[in-house]
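There are 2 protein chains.
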Amino acid sequence: MTDETVVGRLAVEFADIEAAARRLAGVAHRTPVLRSRSFDQLTGAQVYFKCENFQRVGAFKFRGAYNALTLLQPAQRAAGVLAYSSGNHAQAVALAGREAGVAVTIVMPMDAPAVKRAAAQGYGATIVEYDPATTDRVVLSHDLAARHGLTVIPPFDHRAVIAGQGTAAMELLQEQSDLDMLLVPCGGGGLLAGSAVAAHALAPACKVVGVEPAAGDDGKRSFESGVRQSVQHPDTIADGARAPMLGELTFPIIMRHVHTMLAVEDTALLRTMFWIWERMKTVVEPTGALGAAALMNGMIGARGMRVGIILSGGNAEIAGLTRRFPALAESPGV
Amino acid sequence: MTDETVVGRLAVEFADIEAAARRLAGVAHRTPVLRSRSFDQLTGAQVYFKCENFQRVGAFKFRGAYNALTLLQPAQRAAGVLAYSSGNHAQAVALAGREAGVAVTIVMPMDAPAVKRAAAQGYGATIVEYDPATTDRVVLSHDLAARHGLTVIPPFDHRAVIAGQGTAAMELLQEQSDLDMLLVPCGGGGLLAGSAVAAHALAPACKVVGVEPAAGDDGKRSFESGVRQSVQHPDTIADGARAPMLGELTFPIIMRHVHTMLAVEDTALLRTMFWIWERMKTVVEPTGALGAAALMNGMIGARGMRVGIILSGGNAEIAGLTRRFPALAESPGV
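As given, the protein sequences belong to chains A and B, one line each in that order. This note's numbering puts the first residue of the first sequence at -13, with every later residue one more than the last. This note's numbering puts the first residue of the second sequence at -13, with every later residue one more than the last.
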């Protein structure tokens, strides 16, 4: 009897990630891996940045969304799908729908940035707006889905979504199989769970570390207590990591295959983000800089190690962030 | 009798670029080539971006500087070198000196940004400051060089510098040999001349196009008149393209192997630069966006063509530029 059978079967296995990679070939970008001598010098590690900010729609989310759409039954494909999000997941489902020939409805708050609404419409999605002061988006979405026979594509707690997200770490480990550690941003845990399954299969000695914003450290508290904890409306600039809790599917995977969880304060996060912009010439969004910030701030020992970091997305409002945080933006040096 | 013998021998031949590439192997980065579906859609071309913003010191300048230092005679190496610049050339010579084991003196105006002085010092260079109101930097530099036996490394009008800069286009054309056009930023013409020699050898049908800021269009006027023209202190944001005129060595190469010269207004240039930051998630400096801006603004027909663009550098002051040009930075969309 193996350990696997003792603790039960996880929702996603490495074969699911391999299958997702085959579906994504030629549709998603195989994103580049960047190095930075300055970052290596500052941290004492050899760091490999997997640049999902260069992924389609500017974030890893396209991987999971497209994988999920290709796994729909014919009747589901014909009826169309729905996603509720004003962030990268919405864009990802909208573009995946266009690529897969599936009609997409996106439920967005009426105060969502016009540029995000326009982008989703540009991919051919139908936008349904709601007033967040009076309407619960989950209720509205499931009501819409039931009435029109739409399949809801959740942002993280879904087998095909998790498997798709795992292809980013899989690509990185195929190129660099000797990593000692892999740092992964964590919101609802889709990317982290997928990465952990990929690393367990391809580099069992590689320690996978999840990184959250400090204000939304529900994942860290869940991991440490062994029971899912939640957080309501965390006040953090890392808008991609504001999910109230880990998923029913992602949590057991994270408990099994993740080494530890870290939480980074927003100031440190922003400082690292601006540093990456200025010094590495690559634009990451706040959430995308979580892994790099944990290492840059010495939250985990990595001297002499080979470390992978997933830069999960690049959809930053550059002008807005520099205006809001002028002191951090002007002198991002360490 | 070939055409070459009729018009005389150029200062740099392709063999010089090949030799430079061998010297640079393992020292300079072989920078990545990025694509952008959005840029392709907007321009109707298939565009290949050679990302010299990811080069060491954040600009192509490291290629030429390092190549020049490796070609010094032993006595010159022992005595050290001097460069006068407050821009990318200074950083490039400083780092090249450290890598090649050659002492470097940088002559900088006393009002140069502290971060630039610190960076050159960080590479081990000695900084000599001067007051630009009272001192001519060329006179000061040549006086210093004569007194201390230093070799001056000029920013563009130097055979080894031109040959080194040509390795960027050489790498691009090795990966993508079927380009119809190659757009290259032009200040003093070192990068443009090197690129033109590389393209002439590797892809003779590829039209090489130089792009300048409109306020500093001396190169365009020189190209069109056949006589070198100059411009004094051009008022342009493209600080890497403010050289007063093309070089004695670069001009004949440009006349022979460049197809045409274009000049871009600063507003269009900045709009393209911010667009590249936001949409391509890569930080270019204003000068680095010249080629992309020419294409984005329809200054040359490229529909259906395969086009290479050299993103020449990424040393942008992100916070400062967004603060100076808020309207352009907020909505870089086209």
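Since the hints were made in silico from the structure, they are not lab data. Quick reminder that beta carbons are idealized off the backbone N, C-alpha and C, glycines included. Take the hints with a grain of salt, since some may be wrong.
Cβ-Cβ distance ranges computed for the label pairs, FRET-style [claimed, not checked]:
id, chain 1, residue 1, chain 2, residue 2, range
1, A, S163, B, G87, 32 to 38 Å
2, A, D221, B, R23, 46 to 52 Å
3, A, P99, B, D117, 45 to 51 Å
4, A, A104, B, D117, 39 to 45 Å
Evaluation of the provided hints:
1. The supplied range of 32 to 38 Å is met by S163 of chain A and G87 of chain B, whose beta-carbon atoms lie about 35 Å from each other.
2. The given range of 46 to 52 Å is broken by D221 of chain A and R23 of chain B, whose C-beta atoms sit roughly 35 Å from each other.
3. Take P99 of chain A and D117 of chain B: their Cβ atoms lie about 48 Å apart, and the range 45 to 51 Å holds.
4. About 51 Å separates the C-beta atoms of A104 of chain A and D117 of chain B, a value inconsistent with the hinted range of 39 to 45 Å.
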